[in-house]
Every structure is written in structure tokens, then in C-alpha cells.
Amino acid sequence: VGGSMGHFELNAFKPLIIKNVLHSATLLGDACESFNKNCVAGIQANKDHIHKLLNESLMLVTALNPHIGYDKAAKIAKTAHKENTTLKEAALKLGFLSEEQYKAWVRPEKMIGPTDYDE
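Position one of the sequence shown corresponds to residue 3 (my numbering), numbered consecutively onward.
Mixed in with the good hints, there may be bad ones.
With a straight-line Cα cutoff of 20 angstroms, these simulated EDC-like cross-link-like pairs (lysine to aspartate or glutamate) come out [what the hints assert, rightly or not]: (1) K80 / E101; (2) K80 / E91; (3) K21 / D32; (4) K74 / E85; (5) K84 / E102.
Here are the simulated distance ranges between beta carbons [unchecked claim]: (6) K112 / Q46: 36 to 42 angstroms; (7) K21 / S59: 47 to 53 angstroms; (8) K80 / N22: 51 to 57 angstroms; (9) L18 / K112: 53 to 59 angstroms; (10) L56 / L12: 16 to 22 angstroms.
Honestly, the hints are just simulated from the structure, not real lab data. Every residue gets a Cβ at the ideal spot worked out from N, C-alpha and C, and that includes glycine.
Input sequences plus hints: build the corresponding full structure.
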């Protein structure tokens, strides 16, 4: 409202605008402090659970595409989802690859973070 009352770069409501901006900044700062104190402080990652979720994620099937093709990789993912098993179990059951191949090709640590494609 205060910004709409200015004419010819003369705005008698600049103090109102500044007051509201500073008030908003104060509210934001207070909210950040409260969030940190009441939510973030003391949080610890459950590393075992994170590791389990990472290694059992169906999204890891994308690592198999270049090696066995999209159709076989999709079949592995669909089988694992349908039977509530891991990708590794489904891939071995379907016989599309060996355990050694799975370990070599499906490496979650290689799939996260920035990648240097020049290698």
C-alpha cells in the first residue's frame, strides 16, 4: 500500500515501507532461530537406516541401463517392486546378471554428487 502512493519518485510513505521491511526481516530471523532451537538442534542421522534405504532403492536400476538395456532393467525394477524384494534379488532371480556384475555396476556412491564426464 505504501509503495502505491508515490508520485514522481517522491514517496512520502518510504518510512512505512522501510518499517515493514525491517519488521519482516525481524520475523524471518525469529522464525529461523525458533526453527533451529525447536526442530534442528539435536537431530542425528540414522546412518544404518539411510544406508539400507539407499541400497534398496529401486531408482538404482538406472545404473543397469547401459549394461543390460532399458527393457531388462525395467523388468528387474517391476519384479522387485511387485515381489517387494531388492533389485539385486530380482536381477539374480531373473538371471539377467551375476552377483559380481551387480556389485560392479550398481554403485550408489558413483550416482550421487557432481560427476566429471571427462573420465
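Going down the list of hints, with the structure as the test:
| no. | hint | in the structure |
| --- | --- | --- |
| 1 | K80 / E101 | 19 angstroms, holds |
| 2 | K80 / E91 | 12 angstroms, holds |
| 3 | K21 / D32 | 16 angstroms, holds |
| 4 | K74 / E85 | 16 angstroms, holds |
| 5 | K84 / E102 | 24 angstroms, violated |
| 6 | K112 / Q46: 36 to 42 angstroms | 27 angstroms, violated |
| 7 | K21 / S59: 47 to 53 angstroms | 50 angstroms, holds |
| 8 | K80 / N22: 51 to 57 angstroms | 55 angstroms, holds |
| 9 | L18 / K112: 53 to 59 angstroms | 56 angstroms, holds |
| 10 | L56 / L12: 16 to 22 angstroms | 60 angstroms, violated |
Consistency with the previously given hints fails for numbers 5, 6, 10, ordered from lowest to highest.
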